[in-house]
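Chemist: Here's the letter readout for the chains.
Protein chains: 2
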Amino acid sequence: MAAQASARTRGEMARQATPDLAAVRAQIDGIDRQIQALIAERALWAHQVGKAKGKLAAAIDYYRPEREAQVLRRVVDRNDGPLSDEVLVRLFREIMSACLAQQEPLKIGYLGPEGTFSQQAVHKHFGHSAKGLPLVSIEEVFDEVAAGSADFGVVPVENSGQGTIQSTLDMFLTSPLKICGEVELRVHQYLLSRTGHIEDIERVYSHGMSLAQCKNWLRQNLPGVHKEAVSSNAEAVRRAKKSDDAAAIAGENAAHVYGMKVVAGPIEDRNDNTTRFLVIGRASFPPSGNDRTSLMVSIRDQPGALYRILEPLARRDISMNRIESRPAHGALWQYAFFIDVAGHADESPLKDALAEIDDFAGDVRVLGSYPVAVP
Amino acid sequence: MAAQASARTRGEMARQATPDLAAVRAQIDGIDRQIQALIAERALWAHQVGKAKGKLAAAIDYYRPEREAQVLRRVVDRNDGPLSDEVLVRLFREIMSACLAQQEPLKIGYLGPEGTFSQQAVHKHFGHSAKGLPLVSIEEVFDEVAAGSADFGVVPVENSGQGTIQSTLDMFLTSPLKICGEVELRVHQYLLSRTGHIEDIERVYSHGMSLAQCKNWLRQNLPGVHKEAVSSNAEAVRRAKKSDDAAAIAGENAAHVYGMKVVAGPIEDRNDNTTRFLVIGRASFPPSGNDRTSLMVSIRDQPGALYRILEPLARRDISMNRIESRPAHGALWQYAFFIDVAGHADESPLKDALAEIDDFAGDVRVLGSYPVAVP
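Protein sequences, first through last, are from chains V and D. Yeah, the first sequence ends on 394 if you go by my numbering, and it's all consecutive. Yeah, the second sequence ends on 394 if you go by my numbering, and it's all consecutive.
Calculated from the structure, these hints are not laboratory results. A couple of the hints might just be wrong.
Remember, identical chains collapse to one label, so a pair may be satisfied in a single copy or spanning two.
[To be verified] Straight-line distance between alpha carbons at most 20 Å, and here's what the computed SDA-like set of lysine to any residue pairs gives:
(1) Lys246 / Ser194
(2) Lys246 / Glu158
(3) Lys150 / Gln139
(4) Lys261 / Arg335
(5) Lys246 / Met228
(6) Lys150 / Gln138
(7) Lys234 / Asp263
(8) Lys280 / Arg334
(9) Lys234 / Asn98
(10) Lys246 / Leu230
(11) Lys261 / Asn235
(12) Lys246 / Arg222
Please model the complete structure; the sequences and the hints are all you need to start from.
Modeler: Below you can see the structure in the form of structure tokens.
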């Protein structure tokens, strides 16, 4: 019904060349009233979910990541504008977060301080009604979740450009916690200089990866300017800070930290520069329909055993997103592999493949099956 | 119609002792579909506001703070639960922010880095679809807004507990910018210690103001424990960090910065510990129906002139929220007063009072008339 109203609105608008401002505002006021009533109704029903679970429970008792992922995917499926999928997903995350937090909000541990990308990841995944707990280390995030003082934790695991954060993966060698979700955050590149004027720039410093990411922009906007790859974006900013004719490519935040001005940005050619975070918790959750599973595999005799683990997956056409080897603790198992595969451990074909692997290879542990990140 | 649906929902729910989970989820899915269609419709109409203004404009051209304040006040007025006013205001801020950002988002300068309370204030006031520009100083926030590279700026002006931030007020002595809004952020107190165990604590350090704010909590939870007032909360944390039997009261963020554990929090007795921010811009905006006006008054002969300025306000029962004296620049005017009064400078009775003051007293400048902060 509301979907038809939207189609009608488009028609109505097309007939009005210069709409009357007061009339448009009256329309918006009417829409706001309806949205508000529906949000209240949704909150009342969400409250009922808590009751359906047997008692008036804290958010942790009826938070279901697989259900949230399904709701958000439906939002994306039926979106036909004018707002982007990303914006709508954000609005619905916030509405769900508010409905869930009516009794006792979720408590989410993350690597502080406030203002880090980790905090942004917490808000992106759990909305602003969840309560973030800034902690001093990734270890402490695992500890507080294990002890129950945080319901979930959010830890960075991969920077596109810088690769895997090994210390996070290593935590799973000893922690019994489960992976319950993943969050992806886009990271943007900016051109920074002392003066802030593009016409002053004769040299651009950055990490080789960042220079590569901004290649087209640089060719179009700074042709003939000298580009120099340095060890890190922070080092690039330190160099650019020394003279008025130099610039650096770095994150926007570096402009503040080093007292530089933003010349332009975001300037990356493709907007797929992301940091990936894992959501860790104490429980496993059922399939959402589009899931990923993280496995930790410990094996004695590397080449042969690895093949025997991968073969049952390959034979079933189970796609693998990532494989990462780590020296394992203890003498018995010489290697640990972290493997991300498509599917949920409770569903075929992954379920069958895991049963088969378990029979003969090393020690295979399911770190978690969780919904693939919704943009 | 949707408001009736909400009343119907409550009745329906009251009859169901243990609702069926699948049925409740189906209800929520139906509601989500309607909310989404209405948000899309709202975005289309908001787009029309841009057209009504004469062209397809950037957000700055049709952003109207007085209109946003009116929309949010209506949201609060018609709220009858179950979500709090604060949560609903946040959701509608985000919806408005998303609708406004369809062409070109608002650019908001603030005192960086990302993660400061200033950034939180930007998001609270403008929503997450606005683009925040972290800058290195309050001066630079004024400069970038004046130059037009930021549409608005957000600067801290008052900490309850620490008082007025003089350097922000002093900027208005020379800047022609206008105050277009105010934002209030709640700030919470936490008990921090090295061990994180309350039973270890024998001494509590904090700023006297913070100790006072947590008096009841301390009496109930740490009776007989020695309390010591120190110069700042940061100093309190530094002291508490030296031994296992000491604790400090400070912001949650300090736990990270100093590697301390959160024993408990928030622990303030009354939750009215706030920081106030001003929104600065280049233009003045019309009345919203519940406004505040900030005045800067420069006078030569302090006692007599101040009385003559206050009298026309008092005679009209115009309430004053704040008065703050500052030494003025230049020899001609010996004192500057910053005065906040109720009302809008374009509306009686404030308009008449200002006309009368202007006639005889020193130099009175309206720094801005703006909507009173919506919680």
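Chemist: Under a CA distance limit of 20 Å, which applies to Lys261 and Arg335: within one copy, between copies, both, or neither?
Modeler: Intra 57 Å, inter 59 Å, cutoff 20 Å: neither.
Chemist: Could you place Lys246 and Arg222 in one of the four classes (within, between, both, neither) given a Cα distance threshold of 20 Å?
Modeler: Close inside one copy (6 Å), not across copies (57 Å); limit 20 Å.
Chemist: Evaluate Lys234 and Asn98 at a C-alpha cut-off of 20 Å and name the case that applies: within, between, both or neither.
Modeler: Neither way: Lys234 and Asn98 sit 33 Å apart in one copy and 52 Å across, limit 20 Å.
Chemist: Classify it for me, Lys150 with Gln138: is the Cα-Cα distance of at most 20 Å met within a copy, between copies, both or neither?
Modeler: both (10 Å within a copy, 18 Å between copies)
Chemist: Within a copy, between copies, both or neither: where do Lys246 and Met228 come within 20 Å Cα-Cα?
Modeler: within (12 Å within a copy, 53 Å between copies)
Chemist: Between copies, within a copy, both or neither: which fits Lys234 and Asp263 at Cα up to 20 Å?
Modeler: This pair counts as neither: shortest intra-copy Cα distance 22 Å, inter-copy 54 Å.
Chemist: Given identical chains, is Lys246 near Leu230, meaning Cα to Cα at most 20 Å, within a copy, between copies, both, or neither?
Modeler: within (8 Å within a copy, 55 Å between copies)
Chemist: Within, between, both or neither: how does the pair Lys150, Gln139 come out at a Cα-Cα threshold of 20 Å?
Modeler: both (12 Å within a copy, 14 Å between copies)
Chemist: Cα distance capped at 20 Å. Does Lys246 pair with Ser194 within a copy, between copies, both, or neither?
Modeler: neither (44 Å within a copy, 39 Å between copies)
Chemist: Reference check for the pair Lys246 and Glu158, CA-CA at most 20 Å: within, between, both, or neither?
Modeler: Classified as neither: same-chain Cα gap 39 Å, cross-chain 32 Å, threshold 20 Å.
Chemist: At most 20 Å between CA atoms: does that hold for Lys280 and Arg334 within a copy, between copies, both, or neither?
Modeler: neither (54 Å within a copy, 50 Å between copies)
Chemist: How would you label the pair Lys261, Asn235 (within, between, both, or neither) given a Cα cut-off of 20 Å?
Modeler: For Lys261 and Asn235, the Cα distance exceeds 20 Å both inside one copy (26 Å) and across copies (53 Å).
The structure does not agree with the numbered hints 1, 2, 4, 7, 8, 9 and 11 stated previously, though it agrees with the rest.
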